[in-house]
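Number of protein chains: 2
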Amino acid sequence: MRAVGILGTGKTLFGAFADQGIRSLAQTAVAAALADAAVTPAQVEAFYLGNFAGPSFTGQSHLAPYVAGACGLAGIPATRFEDACASSGVAFHHAWQAVAAGVYDLVVVCGVEKMTNQPTDRVGEILAMAGDVEQDRQTFPELFARIARAHMDRYGTTREQMATVAVKNHRHGFANPYAHLRKRITLEQALAGRVIADPLTLYDCSLVSDGAAAVVLAPEGRCRVLGIAQTSDAVALAGKPDLTRLPAVGRSAEKAYRMAGVAAADIQFAEVHDCFTIAEIIAMEELGFCPRGEGGAYAASEARPINRSGGLKSKGHPVGATGVAQIVDVVGQLRDGLGELGLAQNLGGTGATSVVTVLGRV
Amino acid sequence: MRAVGILGTGKTLFGAFADQGIRSLAQTAVAAALADAAVTPAQVEAFYLGNFAGPSFTGQSHLAPYVAGACGLAGIPATRFEDACASSGVAFHHAWQAVAAGVYDLVVVCGVEKMTNQPTDRVGEILAMAGDVEQDRQTFPELFARIARAHMDRYGTTREQMATVAVKNHRHGFANPYAHLRKRITLEQALAGRVIADPLTLYDCSLVSDGAAAVVLAPEGRCRVLGIAQTSDAVALAGKPDLTRLPAVGRSAEKAYRMAGVAAADIQFAEVHDCFTIAEIIAMEELGFCPRGEGGAYAASEARPINRSGGLKSKGHPVGATGVAQIVDVVGQLRDGLGELGLAQNLGGTGATSVVTVLGRV
Numbered sequence: 063m064r065a066v067g068i069l070g071t072g073k074t075l076f077g078a079f080a081d082q083g084i085r086s087l088a089q090t091a092v093a094a095a096l097a098d099a100a101v102t103p104a105q106v107e108a109f110y111l112g113n114f115a116g117p118s119f120t121g122q123s124h125l126a127p128y129v130a131g132a133c134g135l136a137g138i139p140a141t142r143f144e145d146a147c148a149s150s151g152v153a154f155h156h157a158w159q160a161v162a163a164g165v166y167d168l169v170v171v172c173g174v175e176k177m178t179n180q181p182t183d184r185v186g187e188i189l190a191m192a193g194d195v196e197q198d199r200q201t202f203p204e205l206f207a208r209i210a211r212a213h214m215d216r217y218g219t220t221r222e223q224m225a226t227v228a229v230k231n232h233r234h235g236f237a238n239p240y241a242h243l244r245k246r247i248t249l250e251q252a253l254a255g256r257v258i259a260d261p262l263t264l265y266d267c268s269l270v271s272d273g274a275a276a277v278v279l280a281p282e283g284r285c286r287v288l289g290i291a292q293t294s295d296a297v298a299l300a301g302k303p304d305l306t307r308l309p310a311v312g313r314s315a316e317k318a319y320r321m322a323g324v325a326a327a328d329i330q331f332a333e334v335h336d337c338f339t340i341a342e343i344i345a346m347e348e349l350g351f352c353p354r355g356e357g358g359a360y361a362a363s364e365a366r367p368i369n370r371s372g373g374l375k376s377k378g379h380p381v382g383a384t385g386v387a388q389i390v391d392v393v394g395q396l397r398d399g400l401g402e403l404g405l406a407q408n409l410g411g412t413g414a415t416s417v418v419t420v421l422g423r424v
Numbered sequence: 063m064r065a066v067g068i069l070g071t072g073k074t075l076f077g078a079f080a081d082q083g084i085r086s087l088a089q090t091a092v093a094a095a096l097a098d099a100a101v102t103p104a105q106v107e108a109f110y111l112g113n114f115a116g117p118s119f120t121g122q123s124h125l126a127p128y129v130a131g132a133c134g135l136a137g138i139p140a141t142r143f144e145d146a147c148a149s150s151g152v153a154f155h156h157a158w159q160a161v162a163a164g165v166y167d168l169v170v171v172c173g174v175e176k177m178t179n180q181p182t183d184r185v186g187e188i189l190a191m192a193g194d195v196e197q198d199r200q201t202f203p204e205l206f207a208r209i210a211r212a213h214m215d216r217y218g219t220t221r222e223q224m225a226t227v228a229v230k231n232h233r234h235g236f237a238n239p240y241a242h243l244r245k246r247i248t249l250e251q252a253l254a255g256r257v258i259a260d261p262l263t264l265y266d267c268s269l270v271s272d273g274a275a276a277v278v279l280a281p282e283g284r285c286r287v288l289g290i291a292q293t294s295d296a297v298a299l300a301g302k303p304d305l306t307r308l309p310a311v312g313r314s315a316e317k318a319y320r321m322a323g324v325a326a327a328d329i330q331f332a333e334v335h336d337c338f339t340i341a342e343i344i345a346m347e348e349l350g351f352c353p354r355g356e357g358g359a360y361a362a363s364e365a366r367p368i369n370r371s372g373g374l375k376s377k378g379h380p381v382g383a384t385g386v387a388q389i390v391d392v393v394g395q396l397r398d399g400l401g402e403l404g405l406a407q408n409l410g411g412t413g414a415t416s417v418v419t420v421l422g423r424v
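Read top to bottom, the protein sequences are chains A and B.
Each number in the numbering used here corresponds to the 1-based position in the first sequence with 62 added.
Each number in the numbering used here corresponds to the 1-based position in the second sequence with 62 added.
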């Protein structure tokens, strides 16, 4: 396998945009990535689209050629990848693989989701389809509330620690002009938030957003994929042996570190999948940033920069866009000289899909 | 790129099965393919799932790990591919690529769809999402009726020729114990069918079915992928320069022939995407089996065996299963000594995605 670089990146603002659809959002991100990479659409050999639930949110499927055509990429292989909230992390993984293996020399990966045109209840129903609908029969906040309670019971993780993650990510997002909710919050506000699914309050939950992100991959470039792995696990929480863990994340991190020839301690900063604050806390443990059970204290300590973009919590979470958006944000931090070795961690559902990517500047 | 073989195949009966869901259908097909390949789930390195509209038909998304877990394949990369009716052809293409490039030595590709639990009107709505919903605003029979009318007007293709394709595919399907509708029909019956979208009658349209198919791929085996290509085109019929053509099919066929080092004339038999009889007729032209405009006469002539499985018309068309089912049926015919060189042609929507695969016995 040869080295793969991120030649260009692009993204839209994340937010609620009544005048934007899947096609226009993706078009903006792809055009920006192509311009950043200084390549033309005619040079692109394959198009990888990550999208979670376009058919349910917008009534349109067959989205890969639908978007590719609008981006001037008609004709080439155009494929939609769906693995819940990890859809575009998975698309990125497959695209990386094809370039690394020498199949293609130039590909575009785009993640996109349009969510804010649906009423809140319907959004909740669509998101719940990423869990095991028959066995779990719960909303995503309810599922992650069970995970949070298990972690609190076993390890003494506190609501204050979760709220501190929210405060931190809102502080970071306030500084990100692309973020959906640019609003600083206090610990008191976070703790006093409306209960969504006990123990999770409004401030423990990520946002419902529209947005897109794109990257151009090639066997060159200064920002490189040093390690990457995709893993899977059971979709249902019912019957899971240990609710405090996200084992697919741990396994994908180990594999990505091995490929990169690095240890967890070498990672200088990360964009992690904080769909709920408890998910960021458990990610700290699964990524090996701290011992098991100490994720709450570790995340609150800000020992290393996590979600400098604002994370899903403040930057926003257009589900299918998130995986590629994390890559774009890690690359941005590498380019800005905010570190030499960063990581992106993209989670599907309650942990049934995980993609971990280690990125570095060479 | 190294040679890739189909080590094992499996499929379910196609039909309407009230007691079967996506998970159980896929499980049956995957178990059969693994048994046929004489490999265990623990040996499988990645899982590729083709599924068009599981979330819309069944209310469940995140289907790749959902199905993988049930097949004993939890842990490995599990990815869902969606490209409308070409979903599992596209999944197969990506899986082939990974094995050919040396990324994996053993992978499973499964295609599955559960459709018959929804009322007919809702099925029509879901299928229409594979077209450009905003620009075309038509059902799939209406879209293909426009294509049929254009072909009749330009080339003098007749309703008798389309009906003859239906009669042939029903005759073949009658002999296939896995087919959904095992019923011989006469030319008179086909011509007298209820009009669905003029000039298409009931007998010009493929079936709404439940079903799954699976293959095991490895860098070995007697049945080999000799050539394969995936291409794309505009999703909307509106604005298409020539309704009588499916240009993505022609381009993918050319590429697949070039890779295989064969000409159209060398292909001894084929499974083609007869979602409507006119689609089989145009496929004859795009695959280079006959000159442009002569597809109607060629298909009616039965000059070479096409859709010996019964095709989508009689075998059935569980949308996401179709691409892999075609591969399974071509491999079956190779194994049965019905030829040395066969082809599978899988179409997405009204031609926005195409995958053509040339398979041979070595």
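Just so you know, the hints here were simulated from the structure itself, not pulled from any lab data.
Hints may contain errors.
The list treats identical chains as interchangeable, and a pair is accepted whether it falls inside one copy or across any two copies.
Claimed, not checked - Think about it this way: if two alpha-carbon atoms lie no more than 20 Å apart in a straight line, the pair counts; the simulated EDC-like pairs of lysine to aspartate or glutamate are:
| # | residue 1 | residue 2 |
| --- | --- | --- |
| 1 | Lys302 | Glu196 |
| 2 | Lys245 | Glu402 |
| 3 | Lys317 | Glu222 |
| 4 | Lys317 | Glu282 |
| 5 | Lys302 | Glu204 |
| 6 | Lys245 | Glu187 |
| 7 | Lys317 | Glu196 |
| 8 | Lys317 | Asp167 |
| 9 | Lys317 | Glu107 |
| 10 | Lys245 | Glu204 |
| 11 | Lys302 | Asp198 |
| 12 | Lys317 | Glu204 |
| 13 | Lys317 | Asp183 |
Each hint tested on the structure:
For a Cα distance limit of 20 Å, the shortest separation of Lys302 from Glu196 inside one copy, 15 Å, qualifies, whereas the shortest one across copies, 43 Å, does not. In this homomeric assembly, Lys245 and Glu402 never come within 20 Å of each other (Cα to Cα): the closest approach is 29 Å inside a single copy and 66 Å across copies. In this homomeric assembly, Lys317 and Glu222 never come within 20 Å of each other (Cα to Cα): the closest approach is 33 Å inside a single copy and 60 Å across copies. In this assembly of identical chains, Lys317 and Glu282 lie within 20 Å of each other by CA distance neither inside one copy nor across copies; the values are 23 Å within and 27 Å between.
Taking the shortest Cα distances, Lys302 and Glu204 sit within 20 Å of each other inside one copy (16 Å), while across copies they are farther apart (47 Å). Proximity of Lys245 and Glu187 under a CA criterion of 20 Å is satisfied in neither setting, with 27 Å inside one chain copy and 41 Å between copies. Taking CA atoms no more than 20 Å apart as the test, Lys317 paired with Glu196 passes in neither setting, with 32 Å inside one copy and 43 Å between copies. For the homomeric pair Lys317 and Asp167, the shortest alpha-carbon distance between copies (18 Å) is at most 20 Å, but the shortest distance inside one copy (24 Å) is not.
In the homo-oligomer, the alpha carbons of Lys317 and Glu107 lie at most 20 Å apart only across protomers (14 Å), although the nearest pairing inside one protomer, at 28 Å, exceeds that limit. For a Cα distance limit of 20 Å, the shortest separation of Lys245 from Glu204 qualifies neither inside one copy, at 25 Å, nor across copies, at 50 Å. For a Cα distance limit of 20 Å, the shortest separation of Lys302 from Asp198 inside one copy, 11 Å, qualifies, whereas the shortest one across copies, 45 Å, does not. For the homomeric pair Lys317 and Glu204, neither the shortest alpha-carbon distance inside one copy (31 Å) nor that between copies (50 Å) is at most 20 Å.
Proximity of Lys317 and Asp183 under a CA criterion of 20 Å is satisfied in neither setting, with 38 Å inside one chain copy and 47 Å between copies.
Figure legend: structure checked against the earlier numbered hints; hints not met, in rising order: 2, 3, 4, 6, 7, 10, 12 and 13.
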